[in-house]
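If you read the sequences in order, they're chains A and B. Note that the working numbering gives residue 27 to position 27 of the first sequence, counting from 1, and the numbers run on in steps of one. Residues are numbered in the working numbering as their position in the second sequence, beginning at 1, plus a constant of 91.
Calculated directly from the structure, the hints in this document are not laboratory data. Relax, there's no trap hidden among the hints.
Label-pair distances were calculated between CB atoms; the ranges are:
| # | chain 1 | residue 1 | chain 2 | residue 2 | range |
| --- | --- | --- | --- | --- | --- |
| 1 | B | Thr153 | A | Leu65 | 21 to 27 Å |
| 2 | B | Met92 | A | Ile69 | 38 to 44 Å |
| 3 | B | Ile140 | A | Glu87 | 32 to 38 Å |
Yeah, the Cβ is synthetic: ideal placement off N, Cα and C, and Gly gets one too.
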Amino acid sequence: MITAALVAIMTVMVMVLLRAWLGPTLYDRILAINTFGTATVIAIAVLGFYMGRPAFMDIALVYSLINFIGTVAVLKLYRFNSLDHREEGES
Amino acid sequence: MAIVLDWFSSVLVLIGSVFCLIGALGIIKMPSFITRVHAASLIDSFGAIMIISGLIIQAGFTLTTIKLIMILLFLLITGPTAVHALVNTAYHEDEHYITEEDTSSNT
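Put together the whole structure using the sequences plus the hints.
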């Protein structure tokens with residue numbers, strides 16, 4: 001069962017990478033990479049059960065946060081052309 | 092009892108895997124950007140919930156369960172936020188992404 005889930009998640013990752021490679025627009029690629037990160041979190045968690053190492057859950061936890069920060073940072077860079085953008089009136 | 096829980100977690104993990112595969116298929120085959128976002132939300136929400144719920148039942152009452160619940164919580168908070176930021180940015184750049192069908196896509 002765990003093996004089947006692992007194979008399914010790996011297939012999902014390959015298909016999503018295919019969209020990131022093809023993707024006609026920039027936002028398709030960002031969406032694909034974000035989904036790839038989510039699939040990676042699930043794959044790490046399942047891999048921890050597959051290999052009998054519960055410590056993998058910590059890695060999955062940290063990876064889910066890094067994935068979110070990375071996606072939002074890339075989006076901010078493309079919208080404001082700067083990572084240090086501030087609204088007016090903000091110090 | 093243990094066998095019943097084992098079967099139940101197996102069924103949950105397999106349902107989640109099938110939903111993840113359907114979502115990935117949608118990401119590849121859907122015709123425009125906004126429909127691809129729709130397909131990707133399947134992996135972010137239902138697939139992750141099902142697979143991690145199955146793993147929680149598999150783990151029993153241990154520290155691993157708490158970590159898995161935290162992973163699920165983070166995924167459920169950050170996933171929709173990231174997708175909202177993505178669609179918002181796409182809409183601000185060009186409304187064409189949201190309102191019209193993208194005919195230039197090739198699968």
